[in-house]
Each structure stands twice: as C-alpha cells, then as structure tokens.
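Chain A is already provided as a structure; the job is to place chain B on it using the hints.
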Amino acid sequence: MATLEIRDLHVTVEADNATKEILKGVDLTVKQGETHAIMGPNGSGKSTLAYSLAGHPKYTITGGTVTLDGEDVLEMSVDERARAGLFLAMQYPVEVPGVSVSNFLRTSATAIRGEAPKLRTWVKEVKEAMQRLHMDPAFAERNVNEGFSGGEKKRHEILQLELLKPKVAILDETDSGLDVDALRVVSEGVNRVRETGEVGTLLITHYTRILRYIKPDQVHVFSGGRIVESGGAELADKLENEGYEAYAKLDAVDTKGGASA
Amino acid sequence: MAEAQNIPVGSTTAGQIAVAAESTVATRMSAPPSFDVADFPVPHGREEEWRFTPLERLRGLHDGTAVATGNGLKVAVEAPEGVTIEAVGRDDARLGRAGTPVDRIAAQAYSAFEKAGVITVPKETVLTEPIRIAVHGEGGTAFAHQVVELGAFAEAVVVIDHTGDAVLAANVDYVLGDGAKLTVVSVQDWDDKAVHVAQHNALIGRDASFKSVVVTFGGDVVRLHPRVTYAGTGGEAELFGLYFTDAGQHQEHRLLVDHNTPHCKSNVVYKGALQGEAAHAVWIGDVLIEAKAEGTDTYEMNRNLVLTDGARVDSVPNLEIETGEIVGAGHASATGRFDDEQLFYLMARGIPADEARRLVVRGFFAELVQQIGVDDIEERLLVKIDEELEASV
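Chains as they are written, first to last, in this note's numbering: chain A, 1 to 261; chain B, 262 to 654.
Treat the hints loosely; a few may be bogus.
Computed footprint of chain B on chain A, listed as stretches where at least three residues anywhere in the stretch have a Cβ under 8 Å from a Cβ of chain B [what the hints assert, rightly or not]:
1) 77–83
2) 117–126
To spell it out: a stretch of chain B is covered by chain A in this simulated footprint if at least three of its residues, at any positions, have a beta carbon under 8 Å from a beta carbon of chain A; those stretches are [stated by the list, open to error]:
3) 306–315
4) 594–602
Distance windows between CB atoms, simulated [as the list claims (entries may be wrong)]:
5) B:G306 x A:P137: 52 to 58 Å
6) A:I61 x B:G321: 52 to 58 Å
7) B:A299 x A:P57: 55 to 61 Å
8) B:E538 x A:D8: 39 to 45 Å
Since the hints were made in silico from the structure, they are not lab data. For clarity, every value in this text was computed on a predicted model and none was experimentally measured. Ideal Cβ placement from N, Cα and C applies to all residues, glycine included.
Just chain A, with the same shape it has in the complex (with noise of 0.2 Å):
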C-alpha cells in the first residue's frame, strides 16, 4: 500500500532578500485510501506544504524528509514526483497558451503511464470522464486554462486527477472561488477518485464546506507552519463553531519565536 510519509519537514522561502521560514517541523502520513484534511487560516502554511511536496523551486528544504513508499521524494525533480504517483491540484492552475486541453493530457498520461495510450480507448476514456464533470467536449480544444473560469480551471484539475490515478493527491484549496453546484461537481469527482480506494488524498482548505461533500478520515489544524491539532471528522464541526482564533492565538507567538530563530 502506497505511504506518503512527511517527516518533520521545514521550509523556507525568499522574500524581499530575506529568508523567511514558513514550515517548521511537518509530520504527517497518508496512506492510499484515506483522506486528511489540513485546515488552517491564511498564511499559515498550508500552501507551501503542498507546492515543497510537488517540488516548486521557489521553495528550499532545509530539514527534514518526505518518502513515498520509502523513495526519498525530495530527491526527485519536479516531473519525476508526478511520475512517481504525486499529485497537485493547484489552487491557481497556469495557462499554458498553444497547448490544447486534448493535446496535455495526452502527453501527460503518456509520461505518467510511461506509455502512450492507445487513440480510441483514450478517446473514450477522455470523454467519459469529462462528461462526469459536467464539461462541454469543445473544452478539449481550449488551450490548457486559458480564458477558463475559475470552476472550469478546477474542473479540468479534477479531470487530470481521474485521469493520472496518481497514489497521493494533494488538493490546494480545490474549493475555493467554487459556487455550490460546482463545489458539488467537483467534489463527486475527486469521490469517485476516494472510492477506488487506490489514492491518499491531503485536502486542503481554508473552510469547512467542502467537508460536507468529501468526509475526512482525518482533520489536521495547521498554524505557524506545522500541524497543531489533528483529530477526526469532528475536529472540522469545531473549527466551523469556534473559528481559527484560538489557533490563530498560538500562531502569534510562534511567528515570533520563528522571527528571531
């Protein structure tokens, strides 16, 4: 069984030419099959701690390790993750202007399965899929996000996430800038990806919403870059009560404390 393991991850980012530590000691495991939500308000880090896993430049490990099934993740380039089994849904998807939709996801599946897939199984395959995701088939001609909206930019996320089967997805606020009946499209589609019970999904989000289409095994309170709380299902009905103020308390002090480290 495919194991993401997290182990007391930092890291650090430059800006206005200084480094800024934003993870500060991460663990965290997720198994094929189960779902962990990282909840956590703005800036805590929940957004660095998917992009360093998908291996972002703009970000440096300084300590720490990541395996997937024991490989040392950190050590792999960034298309090497992806083919590994390594999956980002991005929160801002980039356009990708000249390439077509159709014309991507067929070179991707192509690296991600290390073969070619056959045209007319593909073909099928493709449009199946789109149709579960309530996309027009003209969308395949588009290029990759341009002009899309933001419910088309993460339908077609979703999409590739059908259609890679990665073992670990990690989903970057996938809700976010979602209208209800997309939030619910959306969230059938990264369902029908859980119930396969083939990929470990890290769902992070800023709100509790989307934890009503897609129920967590496992909650995680992320604040001041590291996981503070972690709980089951219920931990979300208390975040969604009391708010992230309590967190938002310990992440004050923390900051501080990172200041001057």
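The following block gives chain B in isolation, referenced to the frame of chain A:
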C-alpha cells in the same frame, strides 16, 4: 502566482489604429520610394525605419561600403515543365513592376545587381509540383533581383531556401495576373554569420490570391520587408510568418499591405519564439486602407513567445483607415513568456522539462504551420522547430 501581464523585460508591443485623411506610412520614411540608392541618405539609426536595426552589423549594406564579390552566392532553380527561367539584364522591362524600393538597402540592391532572375508561369498553367529556388551563400556579398510572374489563372507554389553564409541585399517581385494563385514559402535557414536584407513586392491582380510564408531561423541579421499592393478588385493576400530567434540574432519583419483597390482582402499572421541572451525580434505591421478602397477586409496579428530571459521583442502594428466603408479591419499584438510557472505546471503532470518546452513551442507554431498547405514544408518546419529547441536549451 499567476500573472495576467507577462511581457518580458524590455519588450514593447505598441500599436495604433489611426483614422486619417492622409497616410503617415509614407511620411514616416526618410525618403520617398526610388530605384536609385543616391536618393536615400545613409541612415544613422534614429530614422523610424531603422531605429530597431543594428546598423553596425549590416556589413556595409546600408552605407555603400559593401561590394559584391562575384562568386559569393549560388542560386539554383528547379521548375516543372512549362515554366520559363531566365537571367536578364538590368534594362529588362519586367523588373521593378511590383514595387519600388522604399529604403536605402533595397535601393542599393536595385542599383547594384548585374543580372536578374525572371521566372514565368504562363497563363492558365497549373503546376502540380513546386518551383524550388535554392539560394546558397559561400561567404560572399551579393545584390540580387528576382521576379516571379504568374499569368492569368496560373497556379504555382514557390519554395525559396536560403542557406549558408552570405551578405545579401535583394528585391523580389511577385506579379500575379488576374485570377492567379501563388504560394511562396521563403525559408531563411542561414548560418550564424549571414546578413540578409530584402524587400518583397507582391502585385496582386484582379481576383488573384497570394499566400506568403516567411520562415526565419538563421542568420546574424535578417531584415525582410514583404509588401503587398493590388492591381484589381477581389484580390486576396495571406501573409504568414514564423521566426525562431536565438541568442544574439536580430530578425526583423516589416510588412505593408496597401489596400489601394476596393474589395480586397488581407490577413497577416506572424508568430515568433525567442530564446537566449540578446535575441531580438522586430515586427512592424503596417496596413493602409486608402480612401478609394471600399469593401476592404483586413486583419493582422503578431504573437511572440519568449522562452528565456534576455530576449527582446518589439512589435508595432499600425492600421491606417481613410474610409469607413469597409467590411472589417483589426489588429492584435501580444508578447508573452514561457515562464517557470508554466514549466512547473507541465512538469507537475509528469512531463520532463525539455518535452514541456517543446510542447509549448510546437503548439504555438502548429496552428500557423497547418495553414501553409504544402505537406513536405509543414513537416520540415516542425522538424526544424524541434531541432532549434534541442540545439539551444
């Protein structure tokens, strides 16, 4: 993280649409058109038509110090049966009918060539094979003049390949009879040191259609000036361009479509990719709709994709409209970059970096390449684009 405006440092995309009683296209030039080089002052670099061009790299083509070296340029023409190929003297009446030199180097070329090439496709002759002109430089300096003339209702494809090393100033005339169809593919695949400056003049007959595909990969300085005018109503011009500007190269394409005749069409699409330190692409797109050119339908577009830091694009579309009685007129110019975020996005989907870059550039050019309509040229261009990418990244 996502940036809406992604114009590389130093690049410009300044365009204008002017509605005017009188054109400024001509008045922006430092001298009126002329066949005589003496009518043009030696440019100093601040003139409107020279301000983007590195004069010091023109090897004297602009100031009269460049001298023809005799054996420096080999031209081989291969044509199907029915086509006439001639080398004619300076006094041949068929030269210079499609347009007059508009700058000093074009006039220099006209004043200095010894023999001109004239290729004639007789009326109603429809060629099934392309006419191929291989221009190969062997390190010399040359001034050239070439005429391609199609009689009424003739149809032809002409492929001009420029390879090797040369300093070349040239004028090329395309004369299309009524109802003729001509596709010209001009490929500038020069070695690194070549300097190539040319004016292309197309005169499009009534109901004739002209398609020009300009493909520039090589050379130190390439500065081309494709120009179109119409000899009768119903003429159509499609001007496509594709350039891949590498480190240190200067590639400049200056276009003029002069809608001087009613009910004609033009469509201009130029696309360029740039990579490397001091890669410089310039695109000037002038479209003039004269007062008498009612029913004109025109569109021009320039797109640039900057792959690395250090490259610069100057893109200037100009549309001048002297009559409101037209079908359509528009222009667009955009320069964007292939940046680290795009690379990250594609790599995060398992695609290796070099393949990601290829995907983006191929995608960027493919749409245009598919419109060329000559299969072996299309394939060759896609292969060439891949080579360009592999050679330098």
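These are the hints, each one checked on the structure:
Coverage of the segment 77–83 of chain A by chain B holds [criterion: at least 3 residues with CB-CB distance below 8 Å; count 6]. Remark: the segment 117–126 of chain A is not confirmed as covered by chain B, as 0 of its residues place a Cβ nearer than 8 Å to a Cβ of that chain, below the required three. Counting residues of the segment 306–315 of chain B whose beta-carbon sits less than 8 Å from any beta-carbon of chain A gives 0, not enough to reach three: the coverage restraint is violated. Three residues within the 8 Å Cβ limit are the bar, and the segment 594–602 of chain B against chain A gives 3, so the coverage statement holds.
Look at G306 of chain B against P137 of chain A: about 54 Å separates their beta carbons, and that is inside 52 to 58 Å. Range check, I61 of chain A to G321 of chain B: Cβ separation about 57 Å, and the 52 to 58 Å hint holds. Between A299 of chain B and P57 of chain A the Cβ separation comes to about 58 Å, which falls inside the hinted range of 55 to 61 Å. Hint check: E538 of chain B to D8 of chain A, Cβ distance near 42 Å, so the stated range 39 to 45 Å holds.
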